[in-house]
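*Asks:* Here is how the chains run, residue by residue.
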Amino acid sequence: MSSFLQAVIDGIGLGAVYAVVAVGIGLVFGVMRLVNLAYGELITAAAYTLAFLSGAPSVVAIAACFAVAIVGALVMERVAFRPLRGASPATMLVASFAISFLLQNVYLLSFGSRGSTVGTLGGLNTAIAIGTLRIRWISVVAIIVGAVLLAGLTLFLNRTTVGLHLRASAADFRTARLLGVRADRVIAFSFAISGALAAAVAVLLTVQSPLVTPDFGVQVTIFALIGVVVGGLDRLATATAGGFLIGFATAFVGDELPSSSSVYLPSVVYGLVIAVLLLRPGGLFAGGRGLSAERV
Amino acid sequence: MRSRLDPLVTVAAPVLLVLVVALLGANAGAVRKLEFDDALVNTAIVVALYVFIGNSGVLSFGHMSFVAIGAYLSGILTLGAEQKNFVLPAMYPFLRHTHVSTVSSLALAALAGGVFALLTGIALMRLSGLPAGIATFAVLGITANVISYWDKIGPGVTALALVPESGTWTLAIGAVIAIVVAFAYQRSRFGRRLRATREDPQAAEASGIHVHRERLVAFVISGALAGFAGGLLVHELGSITVDQVDLELTFITLAMLVIGGVQSVWGAVLGALLISGLNSFLNDAEQGVHIPFYVNLPDGSRLVALGVVMALVLILRPSGLTGGREVTVGGLRRAAHLWRS
Numbered sequence: 151m152s153s154f155l156q157a158v159i160d161g162i163g164l165g166a167v168y169a170v171v172a173v174g175i176g177l178v179f180g181v182m183r184l185v186n187l188a189y190g191e192l193i194t195a196a197a198y199t200l201a202f203l204s205g206a207p208s209v210v211a212i213a214a215c216f217a218v219a220i221v222g223a224l225v226m227e228r229v230a231f232r233p234l235r236g237a238s239p240a241t242m243l244v245a246s247f248a249i250s251f252l253l254q255n256v257y258l259l260s261f262g263s264r265g266s267t268v269g270t271l272g273g274l275n276t277a278i279a280i281g282t283l284r285i286r287w288i289s290v291v292a293i294i295v296g297a298v299l300l301a302g303l304t305l306f307l308n309r310t311t312v313g314l315h316l317r318a319s320a321a322d323f324r325t326a327r328l329l330g331v332r333a334d335r336v337i338a339f340s341f342a343i344s345g346a347l348a349a350a351v352a353v354l355l356t357v358q359s360p361l362v363t364p365d366f367g368v369q370v371t372i373f374a375l376i377g378v379v380v381g382g383l384d385r386l387a388t389a390t391a392g393g394f395l396i397g398f399a400t401a402f403v404g405d406e407l408p409s410s411s412s413v414y415l416p417s418v419v420y421g422l423v424i425a426v427l428l429l430r431p432g433g434l435f436a437g438g439r440g441l442s443a444e445r446v
Numbered sequence: 013m014r015s016r017l018d019p020l021v022t023v024a025a026p027v028l029l030v031l032v033v034a035l036l037g038a039n040a041g042a043v044r045k046l047e048f049d050d051a052l053v054n055t056a057i058v059v060a061l062y063v064f065i066g067n068s069g070v071l072s073f074g075h076m077s078f079v080a081i082g083a084y085l086s087g088i089l090t091l092g093a094e095q096k097n098f099v100l101p102a103m104y105p106f107l108r109h110t111h112v113s114t115v116s117s118l119a120l121a122a123l124a125g126g127v128f129a130l131l132t133g134i135a136l137m138r139l140s141g142l143p144a145g146i147a148t149f150a151v152l153g154i155t156a157n158v159i160s161y162w163d164k165i166g167p168g169v170t171a172l173a174l175v176p177e178s179g180t181w182t183l184a185i186g187a188v189i190a191i192v193v194a195f196a197y198q199r200s201r202f203g204r205r206l207r208a209t210r211e212d213p214q215a216a217e218a219s220g221i222h223v224h225r226e227r228l229v230a231f232v233i234s235g236a237l238a239g240f241a242g243g244l245l246v247h248e249l250g251s252i253t254v255d256q257v258d259l260e261l262t263f264i265t266l267a268m269l270v271i272g273g274v275q276s277v278w279g280a281v282l283g284a285l286l287i288s289g290l291n292s293f294l295n296d297a298e299q300g301v302h303i304p305f306y307v308n309l310p311d312g313s314r315l316v317a318l319g320v321v322m323a324l325v326l327i328l329r330p331s332g333l334t335g336g337r338e339v340t341v342g343g344l345r346r347a348a349h350l351w352r353s
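Chains U and V supply the protein sequences, listed in that same order.
Residue numbering for the first sequence is 151 to 446, as defined by this note's numbering.
Residue numbering for the second sequence is 13 to 353, as defined by this note's numbering.
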């Protein structure tokens, strides 16, 4: 029983991290219909920053990590995605892959394939024992950070003018522009927020797996993207729920299954993904509305 | 202005280009030859992708599963009997005891790719947009996972080695076959109907076109070509591992297609050959090369430069180098005119 409870807590912890990634991807998609595969490389950049500032005070390292991710996201938007605005979503997707490929190889060339280790906040990886239950601090922190970020973002989107502009652009970009929403500012803002979320993800992930390699952010991005589509890309809430679900499932199943029978686990997960998409093409939580228009 | 010679020119241009590359490859040194062979196989794979993605406008991340199945089947069937008993003792007897020639193994690879595409396509072709992309990606995930661990159908994560290698001309003929099939399909009524659904699904459906069926036809032809190209790949390399036909190849070949121009055979062929050529050149440049002046790139910078070029082309020419146009008589005239002036 206690091992089951532990798997649930680990699941919620990882689910929170994936939910944050899902918001980062979903926010940019909502505004400019871009599926940013290079999002993982923002997470990697933030994680490298933490690794190189391991000796510095945690506050400094984390502040620098946020700065790098936000500036990186803004530069990415300005240099790569602004010229592509209005291109077909397929072209934007492949372009974001090209940028992801480019950045991974820049990291490989600059920092080597052996990886750098992050020391910041390593203490959070220790566990507290409650009876037979062992909970790692990082799971608790991930849940709290995830909840605070999502709540803060919801308030921001619903209570501020910029948030209103963001939501309007996500609903109908052209009409929003006609009504006076400034496109460049809204898009830059969504990238900045997604960069900040990438930094938060990097802080949480490096506690659990401190070794930062050039492909550090790839897996979490691909999995979150799958979760986002399974949940329903159309709305931020359903995308976030999908991201949470896939993170929860990964950690929970990984804890519960013995490793000998888990070699075919990816096949089972992918099979479920296909089944969900066939039965609910608009997403698991999309409330029965199918995706009517082609998005990519 | 259209010319009656347009169809001929449209198919001849990419075929000629492939033959020129093959001619250069056949007369090149042993090391250089590998790079030309690689370019020819990439061409076949990208043309296979084009048949579905270019004509339907639906993105597929799953085509490397057909390439993988073609590569493994073709490789295993051409392996010598004693090697197979030694390397793959756990495999199903009918696979272990069958031995066929390279050409028949390529035909079987195409058949296997087509059948697998039919089985997955019946369900998946109902999807479009990003759900279709993710679902096809999931098919690739399953294929790679199963090939890695099921020792009754293949060597698992270890490499399938000692496969008989084919010469440059075999690979070139393979690429030409892929181009001709792609061209025949796009000229057929099936190809025209599918392109109508690409431009406007609602209008196409209203004109009595069955979107699901047209997509399925293209998916099966495309899957068969991908299986065939996988057979070429294993006979080019002489060995194969799962990693070679997984995510990286998926994205590189997709990038080749998009860079060339998604909506034409010419774009597919040009994209595949240019990026392969660039890759080879950068490989040389890491060793030091004279292109009037001496260039010597630091080790590992090849992939960075490749990424920069891919990103630049996509940012500056989002519809690809060819803009999705085929070679036509009118186009050639205009090009000749520009050349003279």
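Calculated directly from the structure, the hints in this document are not laboratory data.
Please note that a few of the clues may not be correct.
[To be verified] Computed, partial: chain V to chain U, Cβ under 10 Å: (1) 92; (2) 145; (3) 266; (4) 307.
[Stated by the list, open to error] Listed next, with one range per pair, are the computed distances between beta-carbon atoms: (5) V:28 <-> U:236: 31 to 39 Å; (6) V:215 <-> U:298: 17 to 25 Å; (7) V:295 <-> U:359: 27 to 35 Å; (8) U:327 <-> V:335: 22 to 30 Å; (9) V:306 <-> U:208: 43 to 51 Å; (10) U:327 <-> V:161: 38 to 46 Å; (11) V:214 <-> U:327: 37 to 45 Å; (12) U:208 <-> V:337: 55 to 63 Å; (13) U:332 <-> V:313: 49 to 57 Å; (14) U:359 <-> V:161: 21 to 29 Å.
Owing to the predicted nature of the structure, the values given are computational and were not obtained by experimental measurement.
Think of the CB as a built atom: it goes at the ideal place given N, C-alpha and C, for glycine as much as any other residue.
*Asks:* Each hint should be assessed against the structure and marked as holding or not.
*Replies:* Here is how each hint holds up against the structure:
Hint status for residue 92 of chain V: violated, given a least beta-carbon distance of 30 Å to chain U, over 10 Å. The closest approach between the C-beta of residue 145 of chain V and any C-beta of chain U is roughly 6 Å, which is under the 10 Å cut-off, so the hint is satisfied. The criterion of a C-beta within 10 Å of any C-beta in chain U is met by residue 266 of chain V, whose closest approach is roughly 6 Å, and the hint holds. A hinted interface residue such as residue 307 of chain V counts as satisfied when its beta carbon comes closer than 10 Å to some beta carbon of chain U; here the least separation is about 17 Å, so the hint is violated.
Distance hint check for residue 28 of chain V and residue 236 of chain U: the Cβ-Cβ separation is about 35 Å, which falls inside the suggested range of 31 to 39 Å. The beta-carbon spacing between residue 215 of chain V and residue 298 of chain U, approximately 49 Å, falls outside the hinted interval of 17 to 25 Å. Between residue 295 of chain V and residue 359 of chain U, the C-beta spacing of about 33 Å keeps the proposed range 27 to 35 Å intact. As the Cβ distance of residue 327 of chain U to residue 335 of chain V is approximately 27 Å, the hint placing it in 22 to 30 Å holds.
As the Cβ distance of residue 306 of chain V to residue 208 of chain U is approximately 48 Å, the hint placing it in 43 to 51 Å holds. Evaluation of the 38 to 46 Å hint for residue 327 of chain U and residue 161 of chain V yields a failure: the beta carbon distance comes to about 51 Å. At roughly 26 Å, the beta carbons of residue 214 of chain V and residue 327 of chain U sit outside the given window of 37 to 45 Å. Distance hint check for residue 208 of chain U and residue 337 of chain V: the Cβ-Cβ separation is about 57 Å, which falls inside the suggested range of 55 to 63 Å.
Remark: the range hint 49 to 57 Å for residue 332 of chain U to residue 313 of chain V is contradicted by a beta-carbon distance near 39 Å. With their beta carbons about 24 Å apart, residue 359 of chain U and residue 161 of chain V fall inside the hinted range of 21 to 29 Å.
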